[in-house]
Amino acid sequence: MSSVLCVEDDEFFAREIIHALTEAGISAQHVITAAEAISCLENESYDLITLDRVLPDLDGIELLKKIRAIKSDTPVIMISGMNSVDDRVSGISAGCQDYIVKPFSSEEVVARILVHLRFSKVITDTSILSVEGIQLDLIEKTLCFGKVYMPLKSVEFRLMNMLMRNHGILITRPMILEAVWGYKFDPGTKVIDVHINNLRKKLDALSSSLQIINLRGAGFVLKCPDDNEESI
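Position 80 (the sequence shown) corresponds to 74 in my numbering; numbering is contiguous.
These are calculated hints, taken from the structure and not from any lab test.
Treat the hints loosely; a few may be bogus.
Restraint ranges, calculated between C-beta atoms of paired labels, are given here [said to hold, decoys possible]: (1) Ser201 / Glu102: 43 to 49 Å; (2) Ala29 / Lys184: 20 to 26 Å; (3) Gln23 / Pro168: 31 to 37 Å; (4) Glu5 / Gly182: 21 to 27 Å; (5) Asp51 / Lys96: 18 to 24 Å.
Distance condition first, Cα-Cα at most 27 Å in a straight line; then the derived DSS-like pairs of lysine-lysine [as the list claims (entries may be wrong)]: (6) Lys217 / Lys141; (7) Lys60 / Lys147; (8) Lys96 / Lys60; (9) Lys217 / Lys59; (10) Lys135 / Lys184; (11) Lys60 / Lys141; (12) Lys217 / Lys60; (13) Lys135 / Lys147; (14) Lys196 / Lys184; (15) Lys196 / Lys217; (16) Lys195 / Lys184; (17) Lys184 / Lys96; (18) Lys135 / Lys195; (19) Lys217 / Lys195; (20) Lys184 / Lys217; (21) Lys217 / Lys147; (22) Lys184 / Lys141; (23) Lys96 / Lys196.
Yeah, the Cβ is synthetic: ideal placement off N, Cα and C, and Gly gets one too.
Could you build all of it, start to finish, from the sequences and the hints given here?
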(Lines of atoms letter the chains of each structure in order from A and count residues from 1; the text may use other names and numbers.)
(Lines give C-alpha, C1' and ligand atoms only; values in the text may rest on other atoms or scores of the structure.)
Protein backbone atom coordinates (compact mmCIF):
# COMPACT_ATOMS: atom_id res chain seq x y z
CA MET A 1 0.00 0.00 0.00
CA SER A 2 1.29 3.45 -0.92
CA SER A 3 1.79 5.94 1.91
CA VAL A 4 1.35 9.72 1.87
CA LEU A 5 2.40 12.32 4.43
CA CYS A 6 -0.13 15.17 4.51
CA VAL A 7 1.32 18.40 5.94
CA GLU A 8 -1.69 20.68 6.43
CA ASP A 9 -2.70 23.04 9.24
CA ASP A 10 -6.29 23.56 8.07
CA GLU A 11 -8.37 20.76 9.59
CA PHE A 12 -11.09 20.99 6.95
CA PHE A 13 -8.72 20.53 4.02
CA ALA A 14 -6.74 17.89 5.93
CA ARG A 15 -9.90 15.83 6.50
CA GLU A 16 -10.80 16.16 2.81
CA ILE A 17 -7.39 14.90 1.70
CA ILE A 18 -7.12 12.08 4.26
CA HIS A 19 -10.66 10.84 3.56
CA ALA A 20 -10.13 10.86 -0.21
CA LEU A 21 -6.81 9.02 0.09
CA THR A 22 -8.26 6.42 2.45
CA GLU A 23 -11.15 5.82 0.05
CA ALA A 24 -8.58 5.29 -2.72
CA GLY A 25 -6.76 2.67 -0.64
CA ILE A 26 -3.78 4.89 0.18
CA SER A 27 -2.32 5.08 3.69
CA ALA A 28 -2.12 8.69 4.90
CA GLN A 29 -0.57 10.36 7.94
CA HIS A 30 -1.49 13.92 8.88
CA VAL A 31 0.74 16.46 10.62
CA ILE A 32 0.14 20.16 11.23
CA THR A 33 3.56 21.76 11.61
CA ALA A 34 6.86 21.77 9.73
CA ALA A 35 8.60 20.42 12.84
CA GLU A 36 6.27 17.42 12.93
CA ALA A 37 6.82 16.83 9.21
CA ILE A 38 10.61 16.85 9.58
CA SER A 39 10.39 14.43 12.51
CA CYS A 40 8.23 12.03 10.47
CA LEU A 41 10.52 12.20 7.45
CA GLU A 42 13.59 11.49 9.55
CA ASN A 43 12.00 8.36 10.97
CA GLU A 44 9.61 7.06 8.31
CA SER A 45 9.51 6.53 4.56
CA TYR A 46 6.67 7.92 2.42
CA ASP A 47 5.84 7.50 -1.25
CA LEU A 48 4.55 11.08 -1.60
CA ILE A 49 4.08 14.27 0.42
CA THR A 50 1.29 16.83 0.18
CA LEU A 51 2.47 20.16 1.54
CA ASP A 52 0.54 23.27 2.54
CA ARG A 53 2.26 26.50 1.54
CA VAL A 54 1.39 28.34 4.77
CA LEU A 55 2.22 26.55 8.03
CA PRO A 56 2.18 27.87 11.62
CA ASP A 57 5.93 27.48 12.21
CA LEU A 58 7.55 27.75 8.76
CA ASP A 59 6.80 28.82 5.20
CA GLY A 60 6.05 25.85 2.96
CA ILE A 61 8.80 26.80 0.50
CA GLU A 62 11.39 26.72 3.28
CA LEU A 63 10.06 23.38 4.49
CA LEU A 64 10.26 22.05 0.94
CA LYS A 65 13.97 22.92 0.85
CA LYS A 66 14.47 21.01 4.09
CA ILE A 67 12.50 18.06 2.71
CA ARG A 68 14.72 17.97 -0.37
CA ALA A 69 17.76 17.76 1.90
CA ILE A 70 16.27 14.72 3.65
CA LYS A 71 14.26 13.01 0.89
CA SER A 72 15.62 14.24 -2.42
CA ASP A 73 13.47 12.01 -4.60
CA THR A 74 10.11 11.84 -2.79
CA PRO A 75 7.36 13.47 -4.91
CA VAL A 76 5.87 16.58 -3.28
CA ILE A 77 2.55 18.17 -4.21
CA MET A 78 2.14 21.69 -2.83
CA ILE A 79 -1.44 22.66 -1.95
CA SER A 80 -2.11 26.34 -1.34
CA GLY A 81 -4.58 29.18 -1.48
CA MET A 82 -1.78 31.31 -2.99
CA ASN A 83 -2.66 31.07 -6.66
CA SER A 84 -0.70 33.69 -8.61
CA VAL A 85 1.63 32.57 -11.39
CA ASP A 86 4.61 33.71 -9.30
CA ASP A 87 3.40 31.59 -6.36
CA ARG A 88 3.05 28.50 -8.53
CA VAL A 89 6.39 29.01 -10.25
CA SER A 90 8.19 29.55 -6.93
CA GLY A 91 6.78 26.29 -5.61
CA ILE A 92 7.73 24.33 -8.71
CA SER A 93 11.17 25.95 -8.83
CA ALA A 94 11.76 25.01 -5.19
CA GLY A 95 11.30 21.35 -6.07
CA CYS A 96 7.67 20.30 -5.84
CA GLN A 97 6.30 18.10 -8.62
CA ASP A 98 2.84 19.65 -8.69
CA TYR A 99 0.91 22.65 -7.36
CA ILE A 100 -2.79 22.51 -6.51
CA VAL A 101 -4.78 25.62 -5.63
CA LYS A 102 -7.36 25.73 -2.82
CA PRO A 103 -10.27 25.19 -2.84
CA PHE A 104 -9.73 21.92 -4.65
CA SER A 105 -11.63 18.87 -5.81
CA SER A 106 -10.77 15.82 -3.71
CA GLU A 107 -11.11 13.67 -6.82
CA GLU A 108 -8.54 15.80 -8.66
CA VAL A 109 -6.11 15.68 -5.73
CA VAL A 110 -6.29 11.88 -5.62
CA ALA A 111 -5.98 11.63 -9.41
CA ARG A 112 -2.83 13.76 -9.38
CA ILE A 113 -1.38 11.79 -6.47
CA LEU A 114 -1.98 8.51 -8.29
CA VAL A 115 -0.23 9.85 -11.41
CA HIS A 116 2.86 10.80 -9.40
CA LEU A 117 2.85 7.48 -7.55
CA ARG A 118 2.70 5.60 -10.87
CA PHE A 119 5.54 7.72 -12.27
CA SER A 120 7.65 6.95 -9.19
CA LYS A 121 6.99 3.22 -9.62
CA VAL A 122 8.13 3.33 -13.27
CA ILE A 123 11.38 4.91 -12.10
CA THR A 124 12.05 2.15 -9.59
CA ASP A 125 11.21 -0.63 -12.08
CA THR A 126 14.06 0.33 -14.45
CA SER A 127 17.24 1.79 -13.05
CA ILE A 128 19.12 3.07 -16.13
CA LEU A 129 18.22 4.88 -19.36
CA SER A 130 20.94 5.02 -22.00
CA VAL A 131 21.23 7.10 -25.19
CA GLU A 132 24.48 7.40 -27.18
CA GLY A 133 26.60 6.39 -24.20
CA ILE A 134 24.92 8.84 -21.82
CA GLN A 135 23.30 7.02 -18.92
CA LEU A 136 20.57 8.44 -16.72
CA ASP A 137 20.47 6.70 -13.35
CA LEU A 138 16.81 6.75 -12.35
CA ILE A 139 17.57 5.91 -8.74
CA GLU A 140 20.54 8.18 -8.02
CA LYS A 141 19.31 10.90 -10.42
CA THR A 142 22.68 11.32 -12.10
CA LEU A 143 23.93 11.59 -15.67
CA CYS A 144 26.93 9.43 -16.46
CA PHE A 145 29.31 9.29 -19.43
CA GLY A 146 32.21 6.91 -19.09
CA LYS A 147 33.37 7.26 -15.51
CA VAL A 148 32.16 10.83 -15.07
CA TYR A 149 28.99 11.42 -13.04
CA MET A 150 26.90 14.58 -13.01
CA PRO A 151 24.20 15.07 -10.33
CA LEU A 152 20.86 16.46 -11.46
CA LYS A 153 18.42 18.64 -9.58
CA SER A 154 14.88 17.31 -9.24
CA VAL A 155 13.38 19.26 -12.16
CA GLU A 156 16.44 18.64 -14.35
CA PHE A 157 16.05 14.92 -13.73
CA ARG A 158 12.37 14.85 -14.72
CA LEU A 159 13.10 16.90 -17.84
CA MET A 160 16.08 14.77 -18.91
CA ASN A 161 14.07 11.61 -18.25
CA MET A 162 11.38 12.85 -20.63
CA LEU A 163 13.89 13.88 -23.30
CA MET A 164 15.79 10.59 -23.20
CA ARG A 165 12.66 8.45 -23.32
CA ASN A 166 11.64 10.40 -26.43
CA HIS A 167 15.03 11.07 -28.03
CA GLY A 168 14.78 12.10 -31.68
CA ILE A 169 11.13 13.06 -31.19
CA LEU A 170 9.76 16.60 -30.90
CA ILE A 171 8.45 17.38 -27.42
CA THR A 172 6.28 20.48 -27.32
CA ARG A 173 6.36 23.06 -24.55
CA PRO A 174 2.81 22.20 -23.40
CA MET A 175 3.83 18.53 -23.15
CA ILE A 176 6.84 19.46 -21.00
CA LEU A 177 4.86 21.83 -18.78
CA GLU A 178 2.25 19.17 -18.04
CA ALA A 179 4.61 16.20 -17.62
CA VAL A 180 7.35 17.95 -15.62
CA TRP A 181 5.45 20.67 -13.74
CA GLY A 182 1.84 19.51 -13.89
CA TYR A 183 0.72 22.67 -15.70
CA LYS A 184 -2.08 22.50 -18.25
CA PHE A 185 -1.29 26.07 -19.31
CA ASP A 186 1.77 28.17 -20.15
CA PRO A 187 2.60 30.40 -17.15
CA GLY A 188 4.41 32.78 -19.49
CA THR A 189 7.85 32.36 -17.91
CA LYS A 190 11.15 31.02 -19.22
CA VAL A 191 11.27 28.24 -16.64
CA ILE A 192 11.66 25.54 -19.34
CA ASP A 193 14.47 27.40 -21.10
CA VAL A 194 16.39 27.90 -17.85
CA HIS A 195 16.40 24.17 -17.09
CA ILE A 196 17.12 23.21 -20.72
CA ASN A 197 20.18 25.47 -20.66
CA ASN A 198 21.33 23.89 -17.40
CA LEU A 199 21.03 20.42 -18.96
CA ARG A 200 22.99 21.55 -22.04
CA LYS A 201 25.82 22.73 -19.81
CA LYS A 202 25.89 19.40 -18.00
CA LEU A 203 25.92 17.45 -21.27
CA ASP A 204 28.80 19.64 -22.46
CA ALA A 205 30.66 19.04 -19.20
CA LEU A 206 30.34 15.30 -19.85
CA SER A 207 31.73 15.78 -23.39
CA SER A 208 28.55 14.22 -24.74
CA SER A 209 27.63 14.45 -28.42
CA LEU A 210 23.93 14.64 -27.51
CA GLN A 211 22.28 17.97 -28.23
CA ILE A 212 19.03 19.47 -26.99
CA ILE A 213 17.72 21.33 -30.04
CA ASN A 214 15.24 24.19 -29.68
CA LEU A 215 12.80 24.18 -32.58
CA ARG A 216 11.56 27.71 -32.16
CA GLY A 217 7.82 27.92 -31.67
CA ALA A 218 7.50 24.13 -31.57
CA GLY A 219 9.49 22.58 -28.73
CA PHE A 220 12.66 20.60 -28.07
CA VAL A 221 14.38 17.48 -29.42
CA LEU A 222 17.17 15.44 -27.85
CA LYS A 223 19.28 14.84 -30.96
CA CYS A 224 21.86 12.12 -31.51
CA PRO A 225 24.76 12.73 -33.95
CA ASP A 226 23.40 10.27 -36.51
CA ASP A 227 19.80 11.54 -36.40
CA ASN A 228 18.78 12.92 -39.77
CA GLU A 229 16.61 15.99 -40.14
CA GLU A 230 13.69 13.96 -41.51
CA SER A 231 13.40 12.03 -38.25
CA ILE A 232 12.77 15.19 -36.24
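Evaluation of the provided hints:
1. Ser201 / Glu102: 43 to 49 Å: holds, 44 Å
2. Ala29 / Lys184: 20 to 26 Å: violated, 36 Å
3. Gln23 / Pro168: 31 to 37 Å: Given range 31 to 37 Å: holds, Cβ gap about 35 Å.
4. Glu5 / Gly182: 21 to 27 Å: Violated: the Cβ-Cβ distance is about 35 Å, outside 21 to 27 Å.
5. Asp51 / Lys96: 18 to 24 Å: Holds - the Cβ-Cβ distance for Asp51 and Lys96, about 20 Å, lies within 18 to 24 Å.
6. Lys217 / Lys141: holds, 22 Å
7. Lys60 / Lys147: holds, 14 Å
8. Lys96 / Lys60: Given pair Lys96, Lys60 holds - Cα atoms ~23 Å apart, limit 27 Å.
9. Lys217 / Lys59: violated, 33 Å
10. Lys135 / Lys184: Holds - the C-alpha atoms of Lys184 and Lys135 are around 23 Å apart, at most 27 Å.
11. Lys60 / Lys141: violated, 31 Å
12. Lys217 / Lys60: violated, 36 Å
13. Lys135 / Lys147: holds, 8 Å
14. Lys196 / Lys184: Judged against 27 Å, a Cα distance of about 19 Å means the pair holds.
15. Lys196 / Lys217: holds, 15 Å
16. Lys195 / Lys184: holds, 17 Å
17. Lys184 / Lys96: holds, 25 Å
18. Lys135 / Lys195: holds, 16 Å
19. Lys217 / Lys195: The hint holds at about 15 Å.
20. Lys184 / Lys217: The hint holds at about 22 Å.
21. Lys217 / Lys147: This hinted pair holds, its Cα atoms lying about 22 Å apart.
22. Lys184 / Lys141: violated, 33 Å
23. Lys96 / Lys196: Violated. Lys96 to Lys196 sits at ~37 Å, over the 27 Å cutoff.
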